[in-house]
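Let the hints inform the model, and build the full structure from the sequences given.
Counting in the numbering used here, the sequence shown runs from 5 upward without gaps.
What the hints contain is simulated information worked out from the structure, not anything from laboratory work. Heads up, some of the hints might be wrong.
[As the list claims (entries may be wrong)] Below, a list of computed lysine-lysine pairs in the BS3-like style, where the Cα atoms sit at most 30 Å apart:
{"id": "1", "residue 1": "K190", "residue 2": "K167"}
{"id": "2", "residue 1": "K229", "residue 2": "K244"}
{"id": "3", "residue 1": "K146", "residue 2": "K180"}
{"id": "4", "residue 1": "K174", "residue 2": "K196"}
{"id": "5", "residue 1": "K45", "residue 2": "K167"}
{"id": "6", "residue 1": "K126", "residue 2": "K167"}
{"id": "7", "residue 1": "K180", "residue 2": "K228"}
{"id": "8", "residue 1": "K171", "residue 2": "K146"}
[Said to hold, decoys possible] Pair ranges (Cβ atoms, derived):
{"id": "9", "residue 1": "F92", "residue 2": "S71", "range": "22 to 28 Å"}
{"id": "10", "residue 1": "E60", "residue 2": "V145", "range": "18 to 24 Å"}
{"id": "11", "residue 1": "A84", "residue 2": "L31", "range": "15 to 21 Å"}
From the three backbone atoms N, C-alpha and C, an ideal C-beta is built for every residue, glycine too.
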Amino acid sequence: MGPQSSEPGYGRTTFNGMPHATAYLVLLTLNVSFPATGCQKLFEVVDEHKLRVFYEKRMGAEVEADSLGDEWKGYVVRVAGGNDKQGFPMKQGILTNSRVRLLLSKGHSCYRPRRDGERKRKSVRGCIVDGNLSVLALVIVKKGEAEIPGLTDTTIPRRLGPKRASKIRKLFNLTKEDDVRQYVIKRPLPLKEGKTKQRFKAPKIQRLITPVTLQRKRHRLALKKRRALKRKEQASEYAKLLAQRQKEAKARRQEEIKRRRSASMRDSKSSAQSGPQK
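The structure is reproduced here in structure tokens:
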């Protein structure tokens with residue numbers, strides 16, 4: 005990648021190819037990360053010719069990094085994002101290289117709501133790389149031939165291990181019969197004054213299937229069946245009661261009709277008998 009000169013700051017390297025007096029004319033800062041080692045490093049690029057390979061590329065595109073220098077030969081990086089010179093972030097899916105104002109809500113990138121249901125119109129940058137960026141985030145997806153100091157030659161161990169039971173099984177290639185609790189990665193705690201016994205802290209395993217969880221599941225299913233049977237019995241009792249009440253109402257209606265009919269017949273007979281005599 006050309007001559008290097010260390011600048012003040014952790015994990016920061018300037019690639020100039022020029023005298024050191026012009027090293028501060030930084031065109032773009034590359035924030036490169038390597039997930040395999042857990043390292044991350046900043047590279048300040050001054051030569052625009054080295055950056056042209058990234059222009060007109062979208063977020064998520066994979067680019068060969070050979071143009072950055074000899075030590076980057078064989079490396080392939082993925083464009084993960086970036087910020088422009090005013091600090092506005094790039095947003096995936098916005099097919100432009102300029103800024104736009106979008107109405108963002110919970111779940112969208114580049115926005116964190118402060119209240120429930122809050123929406124706000126924010127300025128974000130499109131997902132296409134151009135020369136107006138100040139920081140470009142890259143992720144190494146394929147390692148090249150040479151080592152990059154501070155990025156691929158050192159490994160930073162993860163502070164915490166997996167917490168979910170399925171991920172612990174995947175990490176240690178376990179079967180369903182194996183006990184996951186024996187393979188939890190514990191974190192050693194610092195020794196206290198006057199104490200010689202090393203203490204460890206283990207995470208609580210999530211989604212762990214134990215006899216207690218199976219018993220709870222059986223209990224939930226039993227309650228569900230019991231509620232279904234109870235609803236069925238109540239529905240049948242209600243249907244019987246409704247049929248009985250309808251039958252009683254029908255009998256009352258028929259009795260009322262019969263009573264009215266007999267009363268009308270009596271009235272007609274009495275009126276006929278009390279008619280005028282010839």
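Consistency of the hints with the structure:
Proposed proximity of K190 and K167 is supported: the alpha carbons are some 11 Å apart, at most 30 Å. Restraint check for K229 and K244: satisfied, since their Cα atoms lie roughly 23 Å apart, inside the 30 Å limit. The straight-line distance between the Cα atoms of K146 and K180 is roughly 33 Å, outside the 30 Å bound, and the hint therefore fails. Distance hint between K174 and K196 is unfulfilled; the C-alpha atoms sit about 35 Å from each other, more than 30 Å.
With a CA separation close to 28 Å, the supplied pair K45 and K167 stays within the 30 Å bound. For the hint linking K126 to K167, the alpha-carbon distance of about 35 Å lies beyond 30 Å, and the restraint is violated. Restraint check for K180 and K228: satisfied, since their Cα atoms lie roughly 28 Å apart, inside the 30 Å limit. Between K171 and K146, the direct Cα distance comes to roughly 24 Å. Compliance with the 30 Å bound is thereby established for this hinted pair.
One distance hint, 22 to 28 Å for the beta-carbon pair F92 and S71, holds here, with the actual separation near 27 Å. Between E60 and V145 the beta carbon distance is about 19 Å. The supplied range of 18 to 24 Å therefore holds. Between A84 and L31, the C-beta spacing of about 19 Å keeps the proposed range 15 to 21 Å intact.
Checked against the numbered hints above, the structure breaks hints 3, 4 and 6 and satisfies the rest.
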